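Colleague: Spelled out from the first residue to the last, the chains are:
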Amino acid sequence: MCSLEKNIERIKGVLVSEDVITYEFSSAAGKRFALIYVDGLAEKAQLGELVVKPLAAVAKDASLSDVRPVLASPEVKEGSDYDMAVKEISYGGAALLVDGESGFFIIGLTKPPGRAVAEPPTQIAVKGPREGFTEDIKVNCALVRKRLKTPSLRMETVRCGRRSDTAVTICYLSDVCDPSVPEKVKERIAANQIDIVADSSYIGRFISSRPRSLFKRCATAEKPDIFCAKLCEGRAGIIVDGSPIALTVPYMLAEDFQSSEDYFISSYRATILRVLRVIAVIVGIFLPATYVAAQLFKLQLIPFRLLINISSSVSGIPLSPSVEMFLTLFVLEVLNEASIRMPKYVGLAISVVGALVLGETAVSAGIISTPAIIIVAFSAICLYVVPDLMETTATLRWINLIIAGSVGTFGIVLFACFIISYLVTEQAYGVPLTAPFAPMISRDLKDGMFKADMFNLPLRPEALGGKNKVRLRKKK
Amino acid sequence: MNDSLCTRQVCFIMYAYPVAGKILMMPALLSFYCKNDLVFPAVLCFLAQFAVVWAVAYACTRTQKTFFELIGGGGKVLKKAAMWLFALFFAAAALVPLLEQKLFVQEIFYDTIPSLIIFLPFFILSVYVGSKGLRNAGRTADIAAPLFVAALAALLIMSVGESNLSWLLPVLKTPVGELLNGARSALYNFTDGAVMLMLMGRFRARRGDCKKIVISYAASALTVCAFLALFYSIFSVISPDQYFAVSKMAIFFSALSLVGRIDLIAAYAMEACMLFALLLYVQLCVTCVCEALGKEQTAGRNVSPASAAASVAVNVLLAALVVAFNEMYLPVQQFYRMYMWAAFALFSFILPAAGAAAALLRGMKGKEAGREK
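These protein sequence lines are chains A and B, in that order.
This note's numbering applies: residue 1 is where the first sequence begins, and numbers increase by one.
This note's numbering applies: residue 1 is where the second sequence begins, and numbers increase by one.
If we strip away everything but chain B, and leave its shape as in the complex, we get (with noise of 0.2 Å):
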């Protein structure tokens, strides 16, 4: 059992985290596959996820191991094995965020379009969160998670007066298949069920905080799903060519001529949680690798050497590869839409399950064997 976090920390990272990382490129992309139906492969992903953060939170009030502690009776090599495949799945996850990430801060922080070493400086602070652990990222998470839900609200008190929910009518016009393909399409933004799976055993869950953690990813579904709703009803047919909604929405708020672009700050604010929200998985990499390496990522109150080196090295491959694919966001898209998902699907969704199942069992063992003696 390691005490990195406390429930709470958990239950924000569950409700801003998730929000943060669907709300930049995931509705004009729905849009583009479903068009005023986009809500409904949103809500198929999510009823999906949802199962598998519920199970995955149950078994973390029945066991007080970690994923990898589960699964180290299978032996060493597996477990050495799954820290790999996680930590490459991390850095994975990360990839087309922090594509995103750039091109939302080279549109929105910038009058004219400044060129990638702008954004390079990311990776300094990067390399430090990635070293610091899952403590750091629970201790941001509380910081964070209340400025991006104020960010938010703010956000869309100022846009829902342009609103026009009658674009979202009529629903459930768009093909099934069209639906099914834009679920599978959105699939590589969602990794809630695996970042809740490396949580696991991280924090000391008792009864009731199932509930709780629960609760906090169904507000964050209903959020985005919100979102999604009113992104259409603002945008309508034009919503497939508006990237970046959360810099645009609100443009049209009557005081802004007068006060200026204020909704900027909100949006300011929500990228500084954006930007953790990216971390985490940087974290997550650098926490698999250094259990993969069987080294500590902290030694007392200072960083470990072994957890500075895995940061550098896991920010220094993603630098590497934003710095090769700055130009090719979309292909990069693309490839992660057409073969990316079955990845996610097993990372996010079934290893998840299977890992929750496997939690369960090993309590419901320890229970019989308690019986019997």
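The following block holds chain A by itself, in its conformation from the complex (with noise of 0.2 Å):
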């Protein structure tokens, strides 16, 4: 016979922390019970309704087999492990005890903190769902059920995290996505045991083949319509308890210049902005290196009344035009960085004293040129157009500054051909990264650059290689 205490000291003795609380009721008959949970992570109030309340109503000496009905619940699991129940409390469930018996049940009526469904910041759309995923994995994974009614809809937990032991769900459909690829994602994160996941990004990392390539391997998503809308393309979901990004795999870089929008209004529209998407980035990369080259080594390149006016604001700047530009870059990252952690009321006020009166100060004093301020702050502009590419994009704009300061213009196209060369032979999950341009997929284009009407795209893409190739069938 096991007395309660014993047993309430088997998992005491493991969670010896002031946050566990232990509720120690007697049934009418006197029989004792004990409820072990979390303050904070289980339902309290529904633990007494569902659980305290029946439990003392029973009016005579009830086992573990006769408390079991008395439960109302809806989610109750018997165990005798206590190590599996020390888990079950740290993740917001109740362990209820009972005097006289080894077993247990945990009953899982957790109510983590968390925030609201609510539209989240990036990724907006002004046509189409706003609903955002939160941090809670268990309303992540409903909001995505709540779209993929179909049975093929598979969710797999995993847990990763030495201490944090957060749960990690691979989503897919089984009869449309390339079984290997969940498969290869359980296998990779396994393989990898860190302290804490703090966030998707952690996993992000773990299921990438090349982890530390300034390139990633795997689609974010912090939308539902956006990530099941992958899922039915044949991809993998990545769900992460704590974050509200999910992660996506197989990735192929024309996802990043693709928008959720872009499927909810015309396709000439959309074409029009994918088209424009791909020209901002570009700009936004190479247009501070190529102002630095032109005026270093190549002064044809600029129009010549241009050329003119250029001349003028930048006669009496003490500093090349390389040196001026990576400061006005520093700058402006530095803002950029300052806007972001600041509380916001103070960030309003770096904005307006680092747009306006640093930059206004800064020109008048003749330490930097209108041009290069433009230059900048319309190459930050365009990288923002696709948020999702800016780590790799701005360290790209660096890289291509240093290059252009120092070897020129040929320079900027060299390392143009060393980002083409580096980028057409690498892949995620078996699917080339620049696919569907290299190699040129071409049922895949009417999806790519161009976007294809609805009717035009019966079926999923053919560079992900999923089982299922149609996704519209039209009844004639």
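It is worth saying that the hints were derived from the structure and are not from the lab.
Be a bit skeptical, because a hint or two may be false.
[Claimed, not checked] Covered by chain B, per the in silico footprint, the following chain A stretches (three or more residues, Cβ under 8 Å):
id, segment
1, 7 to 20
2, 290 to 302
[What the hints assert, rightly or not] Footprint (simulated), chain B over chain A, 3 or more residues, beta carbon under 8 Å:
id, segment
3, 401 to 409
4, 412 to 426
[Claimed, not checked] Over 12 Å on every C-beta distance to chain B, these chain A residues come out as not near it, computed from the model:
id, residue
5, S26
6, T122
7, P179
8, A229
9, E261
10, L306
11, L307
12, V334
13, P458
Since this is a predicted model, take the numbers as computed values, not measurements.
A virtual CB, placed ideally from N, CA and C, is assigned to each residue, including glycine.
Using the hints, build the complex out of the two chains.
Modeller: See the structure below:
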């Protein structure tokens, strides 16, 4: 016979913490019970209603098998392994111990603190769904299930993080997705054990074949509609507990130039917008470098009248064009960083001080020229057209600037060639990063730079190599 | 069978890279020998090369073996010797284009001619790309070829307004001897047969693929001939002095005075493609060296150490030659025109034709053996 105190001690001996609450109570017949849960993670009111109240009303001496039908909670697990009980309590469950019994029940009435479903700060669509993922994995999974009611939706949860023991759910459509992809994801997650998985970006690195690369190997989705659309194309999705950003693999670079809204608006407009995004990113990366190279090495690149204006602006500037651009870009990055990190109200002041006061004063003091500020500001705006690639493109802009200042225009062309050569043979989960352009996949080009109408896209992307090819059937 | 490439990529390579390699110095060279008849020696070379490319492309549909596997029956020594010789040939074929590129870069990328050191970072790219094998070349062609076509089209559109086709008249006034001399002098630009031979067995050619490749090459020949005609109809008698016409042809376009030298953007885009065309020689050279050493170019998804070492060695050799002949473009070109044409004739015309014949004979033998069974 196991006494209640002894069982409580088996759990409390491991979970030695003030936030682990033990609530002891007795039934009408005098049978003693204990509930152990983490304060703030378990839903106390529901525990009272669905567990304590029914048990308190039991008028006979109940054994473990008699207790189970009395519990009104929908999620009840019976167990005898106390290590498992400790884990379940940490996840937010409550352990119900019964005096004189070695077994216990785990009541799944978790309600971790979290925010409500809201529109995410990125991936905003003017027309289209506004729900975004939250930090709660259960809410996120429910948002996915709400949109994909098919029985082929698989959700498999693995745990990662030696101390955080974070839940990571891999979602895919079993009849569409290449089965090797979720298997490989699970393998790669299992191969990496870290103390804490603070965000999905950790998992993003774990599941990447080249985690140190400047170019990422998995896409991100902050909205369930985008996430579900990607699952339907044949990708696998990864939802990480505690992160509102889900991941999808395999990843293609072209994905970041697509917006969810492209699929909701006219295909003509969507095509124009996609071309615009590509041009914007190219301009954002190359404009500051080209300006420097043109000034230092090839003035012919600048139209004559513009050249006259620029020369009048830069005359008297004590810095060389490359140092001037470097400095301006540095100030922009500092302002950017400060405005993100600072509290909102101070951030606004910093924007005003930085953009207006600092910029204006620097120009009038003759430290930097107006064209340099215009170019850097325009470059920054251009890069934010594709925010998911910001980390990469901003770094490329720096590298390009250094090359342009030292090697000149030829260096920029060489660097572009290097990037192309690097990207064309890179792949993520067997899918080339530059597909559908290199290797050129004519069928997928309809949803590459050019966006064909929905009715012209009856098949899923060929590059992903999924099982079920057809996504749109028209009844005649 | 090594599926490094697909037919489309071969078509892109056989269209864009031959054009990219022939529009820098060849127009000035041919106009020096043949004046307004500069198109005819090019046509002569292209016809001969076209026949070879056709034969090799046809052979590709009959055999899945690479050229070196085909000649493997002749003994290991012959196979190794062929690999080393082809490696040497591709390194040699890259030298003049490298010197041309160096001069081109110094002219169009800089207002004042900079020192050689400005061109040397090319070899960093070359080491990297050279080690990556032919799969990289194919995928690069997927991006470079459309870019090249767009840039060339833009350049031609900008320059066609200043052309006067009557400069090309009267046709065939140049003596035949001069035409043949021009063709022989331009022969070092024609390595397409050798390139096609190296691509044999590295892609799965199906029925009808021969036609696609041949059409691509024909389109390439037409583009070069059209470029030559346009070149002479713009520059006329001063054509022999107009090196790097790509950067000069559109200079008279009226809009340039308003919007600046936007033709240079097209020229830069073409330069990227020209670099990839040049890098293909390095890649083929490294591939031949690796095969001669019996080493794989890739270990899983990564570049093998042997390939990296071969690429470094090839590029060090080429960089040394470029440094050594930095101020000697014309003597080197003259050497290639006077003496190296025979080597180009052998490796780009005779050996590919022989390789194609061997592949077809083997295919026929295989069929006969199949029938006897």
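Colleague: Of the hints stated earlier, which fail here?
Modeller: When the structure is compared with the hints, numbers 1, 10 and 11 turn out to be violated.
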